[in-house]
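Undergrad: Read off the chains here:
Protein chains: 2
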Amino acid sequence: MNKGNLFAALPETFDEETFEQLAGRGEVRIERIVSRGHRSPHEGWYDQDRPEWVALLAGEARLRFDDGGTLMLRPGDYVDIPAHCRHRVEWTAPDTETIWLAVHY
Amino acid sequence: MNKGNLFAALPETFDEETFEQLAGRGEVRIERIVSRGHRSPHEGWYDQDRPEWVALLAGEARLRFDDGGTLMLRPGDYVDIPAHCRHRVEWTAPDTETIWLAVHY
Chain A
1 MNKGNLFAAL
11 PETFDEETFE
21 QLAGRGEVRI
31 ERIVSRGHRS
41 PHEGWYDQDR
51 PEWVALLAGE
61 ARLRFDDGGT
71 LMLRPGDYVD
81 IPAHCRHRVE
91 WTAPDTETIW
101 LAVHY
Chain B
1001 MNKGNLFAAL
1011 PETFDEETFE
1021 QLAGRGEVRI
1031 ERIVSRGHRS
1041 PHEGWYDQDR
1051 PEWVALLAGE
1061 ARLRFDDGGT
1071 LMLRPGDYVD
1081 IPAHCRHRVE
1091 WTAPDTETIW
1101 LAVHY
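Here the protein sequences line up with chains A and B, keeping their order. The first sequence runs 1 to 105 under this note's numbering. The second sequence runs 1001 to 1105 under this note's numbering.
Calculated from the structure, these hints are not laboratory results. One or more hints might be untrue.
Non-contacting residues of chain A with respect to chain B, defined by C-beta distances greater than 12 Å in every case (computed) [said to hold, decoys possible]:
| hint | residue |
| --- | --- |
| 1 | Glu12 |
| 2 | Phe14 |
| 3 | Arg36 |
| 4 | Gly44 |
Chain B is faced by these chain A residues, among others (derived, beta-carbon under 10 Å) [stated by the list, open to error]:
| hint | residue |
| --- | --- |
| 5 | Ala8 |
| 6 | Gly26 |
| 7 | Ile33 |
| 8 | Gly37 |
| 9 | Tyr78 |
As the structure is a prediction and not an experimental result, all values here were calculated from the model. Where is the CB? At the ideal position from N, CA and C, for every residue including glycine.
Only chain A is shown next, with the shape it has when bound in the complex (with noise of 0.2 Å):
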């Protein structure tokens, strides 16, 4: 059985934002990523095919989507992001690490 601590085995570079799946069957994936200061490249957005339900574990986070908005995330804050409803990481705090959990559903 798969198990472990959302909190623990934090990467000890962050030169990338870290990609790790938990678990996960067919085209749903459960991952935790951890950021720290990384933001999504300047030009382009995610525009994704299925919907991507998010929460912001530790650290903060800003989301900017395509019609102008944007979502600042704290501790707990999650969002249900639409398919293709075009985002960005705008922004990640630079001196903590920021833990997502990302369900791909």
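Put chain B on the given structure of chain A with help from the hints.
TA: For chain B alone, coordinates are given in the frame of chain A:
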């Protein structure tokens, strides 16, 4: 876009465990469960047709499995429970809220 905070809007009374669906599609369900001293009925097990990934976000709980094993869960701990892996919630902290995030997938 449905959003909220996993630690906010807790139930005002704890006579019953509270289940709240946060997102879902088809047979996939993402839900928050809030317990306070609740446990599964003394008789019987959860025996589910689909796997359940569950994380404990606050509080403390102990799961028991049909094979005799137990698993203590503290904040951040997660476990991926296979379909038909019979289990029960044997104990949750009596003096504080236990907040779970469950993904049935």
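Undergrad: Next, verify each hint and record whether it holds.
TA: Taking the hints in turn, this is what the structure says about them:
no.	hint	in the structure
1	Glu12	19 Å, holds
2	Phe14	19 Å, holds
3	Arg36	18 Å, holds
4	Gly44	20 Å, holds
5	Ala8	7 Å, holds
6	Gly26	8 Å, holds
7	Ile33	15 Å, violated
8	Gly37	22 Å, violated
9	Tyr78	6 Å, holds
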